[in-house]
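Asks: Here are the chains, one letter per residue:
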Amino acid sequence: MTVIQVDGVTRRFGDVVALDDVSIDVGPGELVGLLGPNGAGKSTLLSLVNGQRKPDSGTVRLLGGDPRDAASRIGLGVTPQETGLPATLRVSEVVDFVAGHFPDRVPTADLLEQFGLTEMARRQTGALSGGQKRRLAVALSLVGKPRVLLLDEPTTGLDVGARQALWEAVRGYHAGGGTVLLTSHYLEEVQALAQRVVVIDQGMVRADAALDVILRRVALRQVVLTCDTDLSAWPGVVRTGTGPAVPAGADGGARQTLFTADADALVRDLVLADVHFRDLEVRGASLEEAFAEMVDPDASLEGAGR
Amino acid sequence: MTTAPQSPAAAPTSGGLVTPLRMTWLHLRFQFLESVRIPMAVIGNMLFPALAMAFFVVPQQEVAQNPLWATTAVAGLAMFAVCSASLFSFGLGVAEDRQLPFDPYVRTLPAGPGPRMAARIVNSAIFAVLGLLPLIVVAWLFTAATVTVLQLLAGIAVILVALVPFVLLGMAIGYSMPAKAALAVVQVVLFPLAFAGGLFLPPMMFPAWLDAISKLTPTRAARDLLDQALTGTTPYAGAWLVLLGWTVVFAVLAVGAYRRDEGRRFR
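Chains A and B, in that order, give the protein sequences. Just so we're aligned, residue 28 is where the first sequence starts under the working numbering, counting upward by one. Just so we're aligned, residue 781 is where the second sequence starts under the working numbering, counting upward by one.
Don't read these hints as lab results, they were simulated from the structure. Glycine is no exception: its CB is placed at the ideal position from the N, C-alpha and C atoms. A couple of the hints might just be wrong.
Cβ pair distances, simulated, as ranges [to be verified]: (1) Asp34(A) <-> Ala964(B): 33 to 43 Å; (2) Asp52(A) <-> Leu1024(B): 43 to 53 Å; (3) Leu913(B) <-> Glu215(A): 55 to 65 Å; (4) Gly894(B) <-> Met28(A): 23 to 33 Å; (5) Leu813(B) <-> Asn65(A): 28 to 38 Å; (6) Arg1040(B) <-> Asp48(A): 23 to 33 Å; (7) Ala961(B) <-> Ala260(A): 52 to 62 Å; (8) Asp186(A) <-> Leu913(B): 48 to 58 Å.
To give a feel for the contact side, a few chain A residues facing chain B, derived at Cβ under 10 Å [said to hold, decoys possible]: (9) Val105; (10) Leu116; (11) Val121; (12) Ala164; (13) Gly171.
Using the sequences and the hints given, assemble the complete structure.
Replies: Written out as structure tokens, the structure reads:
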């Protein structure tokens, strides 16, 4: 049975089309990363899957049922936003409240121990640090022994140690047979966890493939150099970008920004081909820059391997 | 943090939804805890009816020393306090809760609107009764208001029934609009309802046309039923029908507003 089934879903907010004919299926045991820049529609999609909102058209099924029905959500685990915990309630009270909704639950003491929150059980959630709140949020998503876990930006703003620890918890859950759909605008996070990646931008699915396939397409490097030859059609150059506007030098060379999957190979090629360039800079492309390739209507989606 | 894998239920869980009664209890405990963790709000809520009594009724000796008038005045104030607390704390409370990120999260838990609303009503009832205690003490010490224990219990029972439509109306407002708008609407709704319902001035002083309108309001129905319980007067015919009718109407509005609500509409 498909765990999450999103079929031809469109959702508007006023004039803004948040999701435009989106279809995604997630099968049991999959760990899918939903990757996209802020405002791409990731959170809207999750809010349709968790039953908070209704699609304008299309269908959403969760564990075979309508997510708007409470009974369909018994197998669903969701993280609250860390800022959203009821500040005056104690940690154990919040855990018990959430756990009380589920027929089968993890004992509070076990859950708090797993997430290193045992000493915090009697503290009010408002007294927790940011990292502790985030750990509690993820712990809450697991308290009902869910079959599917929705994680919305689970580690945004966490330090490296806390992030690693949460990743371990998600991996542990997945290793036990759980299905996970997580959103992130960090490539690194999706890379660390997901097996399959769905890239979403401006409400549309731009790509849906195995992690390594997506990585090859979005993990671009940026090569900036000044050269009098136009290098935009050079083999390995996925696309050119608008670099910092630098006036042409005395030799008439133009500043060019090239996006490529393999910066080393490109530079080697240029050197071997005896192309004259100067002021070489190589740096990673941000996710937004990488997405521009998929979003650009002129760029062929199959063009990444050029 | 240890990383013992949390074993997800690989096989479908045998259990279904938690029973509505247990769910209501769960939400009630949660809401009650949230309410009492801010003691000033609780204390203010408890003292407001008693203070109103001390300022507006006790100084008017001809009312305060007339057993029947004093009892009626206490009943009116009690009803107003309960309406006001239900509309404000719970109508507005819903609107404010909706602006917190925890509310959309709670809506993803496997529970429908029923238990949450039932819990709100019961929570409202608990604080209504708590708010009545100081009022009753002030009335007992400083006015001639008299009731038997049986009348007092009957009066409290009527108040508990009568507050339901106001909590529901508050929720219908709270789920339909942002907190600032809800505050304005609650104020606009509360005072005319209270006045037309005869909670400030006895309806005997109303002209006929106002009296006719008054009898259609839930506040008037509640007031007269409370008066009956406390002083043995006969309420106008149809008082129960009006009160229960509004309860149904507001329940439908509240459930409709809840279902339409999809949280804040920002993007």
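Asks: Determine for every hint whether it applies to the structure shown.
Replies: Hints, verified against the model:
no. : hint                                : verdict
1   : Asp34(A) <-> Ala964(B): 33 to 43 Å  : 42 Å, holds
2   : Asp52(A) <-> Leu1024(B): 43 to 53 Å : 49 Å, holds
3   : Leu913(B) <-> Glu215(A): 55 to 65 Å : 59 Å, holds
4   : Gly894(B) <-> Met28(A): 23 to 33 Å  : 28 Å, holds
5   : Leu813(B) <-> Asn65(A): 28 to 38 Å  : 35 Å, holds
6   : Arg1040(B) <-> Asp48(A): 23 to 33 Å : 24 Å, holds
7   : Ala961(B) <-> Ala260(A): 52 to 62 Å : 58 Å, holds
8   : Asp186(A) <-> Leu913(B): 48 to 58 Å : 50 Å, holds
9   : Val105                              : 4 Å, holds
10  : Leu116                              : 6 Å, holds
11  : Val121                              : 9 Å, holds
12  : Ala164                              : 9 Å, holds
13  : Gly171                              : 8 Å, holds
Violation of the numbered hints given earlier is absent; every hint is satisfied by the structure.
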